[in-house]
Structure formats: structure tokens, C-alpha cells
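Novice: Residues per chain, in single letters:
Protein chains: 2
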Amino acid sequence: MTAILVSEVGPRDGLQSISRIMPLEAKKAWIAAEAAAGVKEIEVGSFVPPSLLPQLADTAELVAFARTIPGLRVVALVPNAKGAARAAEAGVHAMSIPFSMSETHSLKNVRKSHPAMIEEIGAVAAIARAAGIDFAVSLSTAFGCTIEGAVSEDAVERLAIAAVEAGAQELSLSDTTGYADPAKVKRLVRRIKTAVGADMLTTLHLHNTRGLGLANALAGLNEGITTLDASLGGIGGCPFAPGASGNIVTEDLVFMLQAMGLDTGIDLHQLLKVREIVSAALPGEPLYGFTPDAGLPLDFAQGNHA
Amino acid sequence: MTAILVSEVGPRDGLQSISRIMPLEAKKAWIAAEAAAGVKEIEVGSFVPPSLLPQLADTAELVAFARTIPGLRVVALVPNAKGAARAAEAGVHAMSIPFSMSETHSLKNVRKSHPAMIEEIGAVAAIARAAGIDFAVSLSTAFGCTIEGAVSEDAVERLAIAAVEAGAQELSLSDTTGYADPAKVKRLVRRIKTAVGADMLTTLHLHNTRGLGLANALAGLNEGITTLDASLGGIGGCPFAPGASGNIVTEDLVFMLQAMGLDTGIDLHQLLKVREIVSAALPGEPLYGFTPDAGLPLDFAQGNHA
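Line by line, the protein sequences give chains A and B. For the first sequence, numbering that gives the first Met the number 0 gives the first residue as 0, with consecutive numbering after it. For the second sequence, numbering that gives the first Met the number 0 gives the first residue as 0, with consecutive numbering after it.
Worth flagging that the hints you see were computed from the coordinates, not collected in a lab. None of the values given here were measured: they were computed from a predicted structure. Among the hints, a few may not be true.
To be verified - Sample of chain A residues lacking proximity to chain B, with all beta carbon distances greater than 12 Å (derived): (1) 25; (2) 66; (3) 108.
To be verified - In silico DSS-like cross-links for lysine-lysine, where the CA-CA straight-line distance does not exceed 30 Å: (4) 185/A with 39/A; (5) 107/A with 185/A; (6) 39/B with 272/B; (7) 185/A with 192/B; (8) 192/A with 185/B; (9) 107/B with 192/B; (10) 111/A with 81/A; (11) 185/B with 185/A; (12) 81/A with 39/A; (13) 107/B with 81/B; (14) 39/B with 185/A; (15) 192/A with 39/A; (16) 39/A with 272/A; (17) 39/A with 185/B; (18) 81/A with 107/A.
Where is the CB? At the ideal position from N, CA and C, for every residue including glycine.
Work out the full structure: start from the sequences and follow the hints.
Specialist: Printed below as a string of C-alpha cells:
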């Protein structure tokens, strides 16, 4: 049975797009409950200046807490070398830097041109190496940009190679804006795997902006993707890409993977209950997902799947 | 560019699951607007007794109206030979009979065992042949049943062959209950195509009950499926299968297909506007779909897709 890693990014990508601040204790309960349900990797926060994202100001405390959970891989986002130093100090297992394939988006989001970003990636890579931490570069807006529109696939390939040369240990393709479609996922995953080596690209970060999230995930699985980012209840989005709604929903993704006979190691019944924690901590906040409403199929409960 | 036929089933599958009755004039406006947007096939209603489904009591009038629209293939569902005779008299281009792969569901839904259904299919086939009308058998609950749970794939194969022997001109696989997953779609489409001939199975009828609808559609496309049923705004469901929500959403499906470079012949901007007709005719009725809320991507508007 093929193992697929479902990486929960809700505590970072989800919470950063919500203006209310989830209390630290609720975040801890959420992370602990998801880990208990079998989720093996969680992006717990982001080392951005607290003045920019007060919602994630407690990331260092969350890292410390999450590190106490056996078997959990603790990931944080870092915007730059300064954030990377803080992440290393906090003790993450892995850090990830977003590298926007749209230079306009990059300039608007982190005020850095592509050459400046490559330099930053080099600096973060050095920090990660020194600390013995895994380091991924997330190729964001890889499928299109809400400001620029189409993003050239030639540019994505060129920038992917540059990121690896600058020290990225792995890449992920990120549909920040919900512009991906299955044909483009297939084409771009193949192309980048060919350009940088298949093992360098195993992760997709997808949003469900136009309802294609799981179809895009399937297209990725068919091309050898083995890690999929998702957000519990589908909360999240990109605060810098208006109109781009939440990540693909962890619950629906896990249902799809398990129904297909893929091994996630996650107890779906237990995962569905985690929703209550998020819902209670953010009353009135819309949560997405179809499986939570519909419930599991009868044959699923009968254990007839795969 | 591969052509994919998007078959709108909202006026039948959608409206039958809503207790309110959409006025005939609104239905006509809906059908006309979708045809004007480029939709080439519409299931306009069902020839069931009006006492059972008063929502669809005007199906004969709708068939007559839809037949006046140039280039539109007018389809109706028929539950039995009696309905088939009415459909033929009304002048449909094609009729479709649901044949539930779950015998329990069949008994509950139409009070017929599998052998009784095969006999009925034979009778409907004779009526269709005599009238020169296309005739499809929809293998419903093919992916699982809310009463029986798992439905044996051996049984689906056996019943598919029996339906063809009884006179079906084509088959469709129907996920009435939202139990399908991409692996099962791949497996079952391959198996039934092998059993009855690839050209005999070109249609999938999918629901989005657990959010997997478009992923399942993609799995079907990858196996040579060329017709996909969908419902505008995702309204619809199966009144006999509690918990099974609406069909896949026409708007999201068409967006996915066109983004992938597949030819639907549909003007997506125009299609999105049809929603207003349905919404105005059924105020307060929930409509689904992500693309209508998110809008089309910037690069889509730029014409950079495919």
C-alpha cells in the first residue's frame, strides 16, 4: 500500500488568513488532536514579524509544544534568513520558504525581486545546514498569479533550478491562487521533476478556490507526488492574493486517499472530531468540507475499502 | 482538442430532489439559456407518474419546447415501459432508464428485482427501437449503496452485460450515492468497458457528496469517458438515497475541462449567468459551486488556457 503524507498546514496557512487570533491553548489542542489522529507532519506557524501576522506570534511556543509530541514532524514557514534563525532556535524539524514565481507577487508580498529571493534562499539554506534542519522551497503562485495572470512554465523551471542551486533540499509546487487544473499539474510536476530530479519534488500545496483541489491532488498523485498539504476544515488562503480561498480540506483529502487504498496512517473518524476543536475556538468561522457533512459511506465503515 | 459532452441533468436530477415546483416558464428559460451558452444535451425531466414527482409533471411540455432549440439533444429519464411510451410520444431524442446495481435499492426505489428490471429494460428497448430513439441504461448505485453498503463489482459487470443483452444501446455508470473514489472509477470503468466494449460506456453520472466529484470525473476522463452529467449549481440528489447530495456542479466541471484544454463548446461566462435564472426561480434554495464565487482566473480571461 502506497504511503501518502498528509501535511496539515491549517495552523499556519489557515490561521494567517483569519483576523481573529486563536488562543495558544486551542492551537495546542488542535495540533495534539491531529497528531493523535495520526497526522505525521504539521506546519504549526510562521516566523514572520508578529506585527505583520499577530495571529502567528506564538509560533515559537507552538514549536516547543509540538516537539514534545512523539513522531510528529514539526514544520514552520520562514519568510527570510531572520525568520530562519528564529525557527532554528525554536527547534523546528523543517522550515519552508515561499518563493513566488510571479515577481510582481513577490515584490508585493515580501518586497523582494527574484534575484533577491535567490540570495535569501541561500542564506536560509546555510542556517538550515548549520542547524541540521530540513529546508524546503515552496514555489508559490506556480500555477498562476492573481496580479500577473499566467505564470510562464519556463520561468518556473528556471527558478526551480535556481532554488536548488541556492541550497533548497526539496521543492514544493504551490497553487497559492487556485489557478491550477489537472492538466497543468501533470505538465508542471513532470517538467520540474525532470529539471531538478524526481526526488526533489514530492509535495503539492493546493487550494480549492474553484473546486478543483482534489482533482489537482489526484493529478499530482498520478505523477508521483507523495506529500499533500491540506487544512482542516479548509480554512486558510493567501492574504496577499485576494479571491484565493482556503487550502484543500484535510478531511476530504484523507477520505479520498483512504478510499483509494492509499495509506495515510490517519484515523478518519478521529480526524473528523478534531473539527470540533477548531470550530469551538473560532466560533462563526466558516469551515469547509463535504465528508464531515455527508459522513463516511456505509461500505467504508464496513472496512471494505482496499 | 478532445471534445467532452457536458450533459445538464439539473432540470431532472436537480429538481426532483427539491420539494418546491419550479414554474414551467422558468424551466424553459433555464433550458434555453443553457443551450444558448453552448450546452448540447439536457435531461429535461422524467416520465414518472406526476403523483410521485409533481416537480416533473410538465416533462412532456418541456420536451416539446426543448425540441424547438436547434442542435440540442433532448433527453428524459424513464422508469419503465409505460414512461418510455410517454417519452417516445413526447418526442425525446434519447431516453435513459436507471437500473440500480443494489437490488435492495431497486426494490425500494421502483419495487423491482433485478430480473424484473432486465425484463423492463427489454420492453423499453423495444419501444426505443420502434420509435428510433437512443436508449441508455444508467447503472445506478454502481459505486455503492446507502442501504447495502458495498456493491460487488462482479455484480455490476454481470448486470451491465445483461442490460446490453436486453437491448441497451449505451450504458452509464452512476454514482447515485456519492460513494465513488478515483481508484474505483478507474477500476470499474476499465472493467465495464472491457466487458461490454469501450464504445458502450462513455458516460459517468457523478455526485459531489464527499467533495470527490471532480476528482472522480478526472479519473473517468483518464479512462476514456467523454460524457459527464452535471447539474447547474449542483442542485439535485437522490430522494431514495438519504445523505446523497447534489450532482457535480456544471460550472466547476466546465471550468475544469476548459482549463485542461478540453473542448466543451460552452461559453463559461454565459453559463455562469444561467445561475441567476435558477436562483431567481427557486429563491433561498442553496446553489453550490466554487467557480461562481471565485470568478474566472485572470489568465483564463486572458485566453491563455490551452
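Novice: Run every hint past the structure and note whether it holds.
Specialist: Quick rundown of the hints versus the structure:
The beta carbon of residue 25/A is kept farther than 12 Å from every beta carbon of chain B, the shortest such distance being approximately 25 Å. Consistency note on residue 66/A: stated as away from chain B, and its beta-carbon is indeed over 12 Å from all of that chain's, at 33 Å minimum. For residue 108/A, the non-interface assignment is confirmed: its Cβ lies about 17 Å from the closest Cβ of chain B, beyond the 12 Å cut-off. At most 30 Å may separate the alpha-carbon atoms for a hinted pair to count; residue 185/A and residue 39/A meet this at roughly 26 Å.
At roughly 29 Å between alpha-carbon atoms, residue 107/A and residue 185/A fall within 30 Å of each other, so this suggested pair holds. Restraint check for residue 39/B and residue 272/B: the C-alpha separation of about 17 Å stays at or below 30 Å, so the hint holds. Straight-line distance between C-alpha atoms of residue 185/A and residue 192/B comes to about 25 Å, which keeps the hinted pair within the 30 Å bound. Restraint check for residue 192/A and residue 185/B: satisfied, since their Cα atoms lie roughly 25 Å apart, inside the 30 Å limit.
With a C-alpha separation of about 28 Å, the suggested pairing of residue 107/B with residue 192/B holds against the 30 Å cut-off. Proximity of residue 111/A to residue 81/A is assessed by CA-CA distance (about 14 Å); at most 30 Å being required, the pair is judged to hold. Pair hint residue 185/B plus residue 185/A holds up; C-alpha atoms about 17 Å apart against a cutoff of 30 Å. Simply put, residue 81/A and residue 39/A have alpha-carbon atoms about 27 Å apart, close enough for the 30 Å limit, and the pair holds.
This hinted pair checks out: residue 107/B and residue 81/B have alpha carbons roughly 19 Å apart, not beyond 30 Å. Taken as a hint, the residue 39/B and residue 185/A pair is honoured in the structure, with Cα atoms around 29 Å apart against an allowance of 30 Å. For the proposed pair residue 192/A and residue 39/A, the alpha carbon gap of about 24 Å is at most 30 Å, so the pair holds. The suggested pairing of residue 39/A with residue 272/A holds, with an alpha-carbon distance near 17 Å, which does not exceed 30 Å.
Between residue 39/A and residue 185/B the alpha-carbon distance is near 29 Å, which keeps this suggested pair within the 30 Å criterion. The hinted pair formed by residue 81/A and residue 107/A meets the criterion: a straight-line CA distance of about 19 Å does not exceed 30 Å.
Hint check: no violations occur; every hint is consistent with the structure.
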